[in-house]
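> Turn these sequences into a full structure, and let the hints steer you where they fit.
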Amino acid sequence: MTFNSAAHIEPCLQSLAQPGWERIVVDNASFDDTVARAQKTTGTKVVANQENRGFAAAANQGAYAGQGPLLLFLNPDVTADPGALEALARAAQPPEIAAVGGRLLNSDGSTQAGFVVRRLPTLLTALAEVLLLNRLLPGNPWNRRYRCLGMNLDIPALIEQPAGACLLVKRWAWETLGGFDERFYPLWYEDVDFCRRLRSRGWGIAYQPEAHFRHAGGHSLASMQPGKQQLYWYQNLLRYFRKHHGRASVAALRLGILVGMVLRILATALGFPSQREARRASVRDYARIIGCCVFAANSK
Numbered sequence: 007m008t009f010n011s012a013a014h015i016e017p018c019l020q021s022l023a024q025p026g027w028e029r030i031v032v033d034n035a036s037f038d039d040t041v042a043r044a045q046k047t048t049g050t051k052v053v054a055n056q057e058n059r060g061f062a063a064a065a066n067q068g069a070y071a072g073q074g075p076l077l078l079f080l081n082p083d084v085t086a087d088p089g090a091l092e093a094l095a096r097a098a099q100p101p102e103i104a105a106v107g108g109r110l111l112n113s114d115g116s117t118q119a120g121f122v123v124r125r126l127p128t129l130l131t132a133l134a135e136v137l138l139l140n141r142l143l144p145g146n147p148w149n150r151r152y153r154c155l156g157m158n159l160d161i162p163a164l165i166e167q168p169a170g171a172c173l174l175v176k177r178w179a180w181e182t183l184g185g186f187d188e189r190f191y192p193l194w195y196e197d198v199d200f201c202r203r204l205r206s207r208g209w210g211i212a213y214q215p216e217a218h219f220r221h222a223g224g225h226s227l228a229s230m231q232p233g234k235q236q237l238y239w240y241q242n243l244l245r246y247f248r249k250h251h252g253r254a255s256v257a258a259l260r261l262g263i264l265v266g267m268v269l270r271i272l273a274t275a276l277g278f279p280s281q282r283e284a285r286r287a288s289v290r291d292y293a294r295i296i297g298c299c300v301f302a303a304n305s306k
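Per our numbering, residue 7 is the first one in the sequence shown, and the count goes up by one each step.
None of these hints come from the bench; they were simulated from the model.
Glycine is no exception: its CB is placed at the ideal position from the N, C-alpha and C atoms.
Be careful, since some hints might not be right.
What the hints assert, rightly or not - Listed below are the simulated SDA-like cross-link pairs for lysine to any residue, each with C-alpha atoms no more than 25 Å apart in a straight line:
| no. | residue 1 | residue 2 |
| --- | --- | --- |
| 1 | 51 | 72 |
| 2 | 249 | 206 |
| 3 | 176 | 261 |
| 4 | 46 | 85 |
| 5 | 249 | 159 |
| 6 | 46 | 35 |
| 7 | 234 | 218 |
| 8 | 249 | 135 |
| 9 | 249 | 223 |
| 10 | 234 | 285 |
| 11 | 249 | 260 |
| 12 | 176 | 159 |
| 13 | 234 | 14 |
| 14 | 51 | 73 |
| 15 | 234 | 73 |
| 16 | 51 | 222 |
| 17 | 51 | 22 |
| 18 | 234 | 224 |
| 19 | 234 | 129 |
| 20 | 249 | 111 |
| 21 | 176 | 163 |
| 22 | 176 | 111 |
| 23 | 234 | 176 |
| 24 | 234 | 181 |
| 25 | 51 | 13 |
| 26 | 249 | 182 |
| 27 | 176 | 125 |
| 28 | 46 | 69 |
| 29 | 176 | 198 |
| 30 | 234 | 300 |
| 31 | 249 | 198 |
As the list claims (entries may be wrong) - Ranges between beta-carbon positions, derived for each pair:
| no. | residue 1 | residue 2 | range |
| --- | --- | --- | --- |
| 32 | 163 | 87 | 16 to 22 Å |
| 33 | 265 | 117 | 31 to 37 Å |
| 34 | 92 | 210 | 17 to 23 Å |
| 35 | 35 | 138 | 16 to 22 Å |
Printed below as a string of structure tokens:
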């Protein structure tokens, strides 16, 4: 799935040139030369959307376009080390395993701890995020548990949620669930929702540390304004909780968002005078989140 990914798509595709694997690019109306670069990579099927359909819809398009029994959903800013695809496929062999996540590495070779493996979010972990507790005290117990910061990432394990940047899914599992929920637009929480639905069926999700992938990170957000990033994140967080948690949890989360945004507005108002325009823009963004996620009718 690509959007303005010209700087990344060729190395990504080249790293995936392995026998027995199809390479499919679904582009969400990029306005750079992503499509042209993908098309000139031999053996790559390119689906070029005329509009940005979002991550979930593009992922589903790619799955429909392929034929294989294994589906690897990979961000364009990820490259596979030699042997990574084979390691994922081996980890997926047990019949009780429906999905596998690989080991995402930074450019220096360190593991992206806190991102590569997480637990499914709970009300407490969500509140710790929206109320700034994770910013002020990142070592708090809710954040450590949610981000699996005490986990030995050198050992294979059954997990709740691998990073959506590198997610292998068995086709039969994807088909049974009906793919990703495209209402999580344009991105965020579609992968979390998918993993929760997998686990609700009693199927396992594995972490395979021998499958090494290099992840640049942040590419999906590079062409999106910070205010929109935050709004989409909060809207899809609420969508996830409305779908999987009760009304009381949703009400508590909306209250937490209100308090968290007020705290951010106050902190921003006390910022440096030289950054006045940036502070005003941030305050407008926070106020918009309050309006759309706390008081708007579709936030209920």
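> Compare the structure with each hint and give your call.
Outcome of the hint check:
1. 51 / 72: Holds - the C-alpha atoms of residue 72 and residue 51 are around 9 Å apart, at most 25 Å.
2. 249 / 206: holds (13 Å)
3. 176 / 261: violated (39 Å)
4. 46 / 85: holds (18 Å)
5. 249 / 159: violated (30 Å)
6. 46 / 35: Between residue 46 and residue 35 the Cα gap is close to 18 Å, so the pair holds against 25 Å.
7. 234 / 218: Violated, at roughly 32 Å.
8. 249 / 135: Status holds; Cα separation ~19 Å.
9. 249 / 223: violated (28 Å)
10. 234 / 285: Judged against 25 Å, a Cα distance of about 16 Å means the pair holds.
11. 249 / 260: Holds - the C-alpha atoms of residue 260 and residue 249 are around 15 Å apart, at most 25 Å.
12. 176 / 159: holds (23 Å)
13. 234 / 14: holds (23 Å)
14. 51 / 73: holds (12 Å)
15. 234 / 73: Judged against 25 Å, a Cα distance of about 35 Å means the pair is violated.
16. 51 / 222: holds (24 Å)
17. 51 / 22: Within the cut-off at roughly 13 Å; holds.
18. 234 / 224: Status holds; Cα separation ~15 Å.
19. 234 / 129: Holds, at roughly 23 Å.
20. 249 / 111: Violated. Residue 249 to residue 111 sits at ~32 Å, over the 25 Å cutoff.
21. 176 / 163: holds (18 Å)
22. 176 / 111: Holds, at roughly 24 Å.
23. 234 / 176: Answer violated: residue 234 to residue 176 is near 33 Å, above 25 Å.
24. 234 / 181: violated (31 Å)
25. 51 / 13: holds (19 Å)
26. 249 / 182: holds (18 Å)
27. 176 / 125: Roughly 21 Å separates the two Cα atoms, so the pair holds.
28. 46 / 69: Within the cut-off at roughly 21 Å; holds.
29. 176 / 198: holds (17 Å)
30. 234 / 300: holds (16 Å)
31. 249 / 198: Holds, at roughly 12 Å.
32. 163 / 87: 16 to 22 Å: holds (20 Å)
33. 265 / 117: 31 to 37 Å: holds (34 Å)
34. 92 / 210: 17 to 23 Å: holds (20 Å)
35. 35 / 138: 16 to 22 Å: At 35 Å between Cβs, range violated.
The structure fails hints 3, 5, 7, 9, 15, 20, 23, 24, 35 (numbered hints given earlier, in ascending order).
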